[in-house]
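Trainee: Sequence:
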Amino acid sequence: MDNLTFIGMAGCGKSTLGKALSKKLGVVCTDTDALIEEKFDQSLEDLKIDKGYKFVRLAEEGVILNLSNDIKIISTGGSAVYSEKSMEYLSSFSKLIYISTPIEVIKERIDSGQQRGLAAPIGTSIESVYLERRPMYEKWAQVTLDGMLSIDELVDFVILEILRDKN
911 MDNLTFIGMA GCGKSTLGKA LSKKLGVVCT DTDALIEEKF DQSLEDLKID
961 KGYKFVRLAE EGVILNLSND IKIISTGGSA VYSEKSMEYL SSFSKLIYIS
1011 TPIEVIKERI DSGQQRGLAA PIGTSIESVY LERRPMYEKW AQVTLDGMLS
1061 IDELVDFVIL EILRDKN
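Under the numbering used here, think of the first position of the sequence shown as 911, with each following residue one higher.
Just to be clear, a hint being listed does not mean it is correct.
[As the list claims (entries may be wrong)] Pair ranges (Cβ atoms, derived): (1) 1034 to 978: 27 to 37 Å; (2) 1001 to 937: 14 to 24 Å; (3) 1066 to 964: 34 to 44 Å; (4) 972 to 1074: 30 to 40 Å; (5) 1062 to 912: 19 to 29 Å; (6) 1033 to 1069: 22 to 32 Å; (7) 956 to 1035: 34 to 44 Å; (8) 1072 to 953: 12 to 22 Å; (9) 950 to 1058: 28 to 38 Å; (10) 1041 to 975: 20 to 30 Å; (11) 1033 to 1073: 34 to 44 Å.
Simulated from the structure, these hints should not be mistaken for lab results. Cβ coordinates follow ideal geometry from the N, Cα and C atoms, glycine included.
Please model the entire structure based on the sequences and the hints provided.
Mentor: Structure, rendered in structure tokens:
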């Protein structure tokens, strides 16, 4: 099985899809946001308030660069794309999959966004973050998924179209 890394905005479904695939395929899914929270014993939002959004981004880079290259499924935080080192490292052993989800849906899913530890300056609109990050997700994506599909549809697509043996 190829290693898979999900990238995209907060609320696009990276963690949900990672967990669903993990369960269906019987492999481990690693969520970098959860690793950061575990490492610092704080929520991402509290960490951002205490130390700043740039600290959260650096923490994410550190967590990613310490991941083992045999992890089958990785769900990254939305700000992972700010680190060239992280993205190059992940792409060296994993297929980068962007879950492209419309801004209206992202906003519905994450409300104000600030409770999600959005690694952006306080007061920055979700639209601004989305517009800034979208070109970075598109740059790194080896595959783009339609974030409007259900999780079951996405799981089936990943298994049938991305993981199937292409020989």
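Trainee: Can you give the numbers of the hints that this structure goes against, from lowest to highest?
Mentor: Result: hints 6, 7, 8 break, sorted rising.
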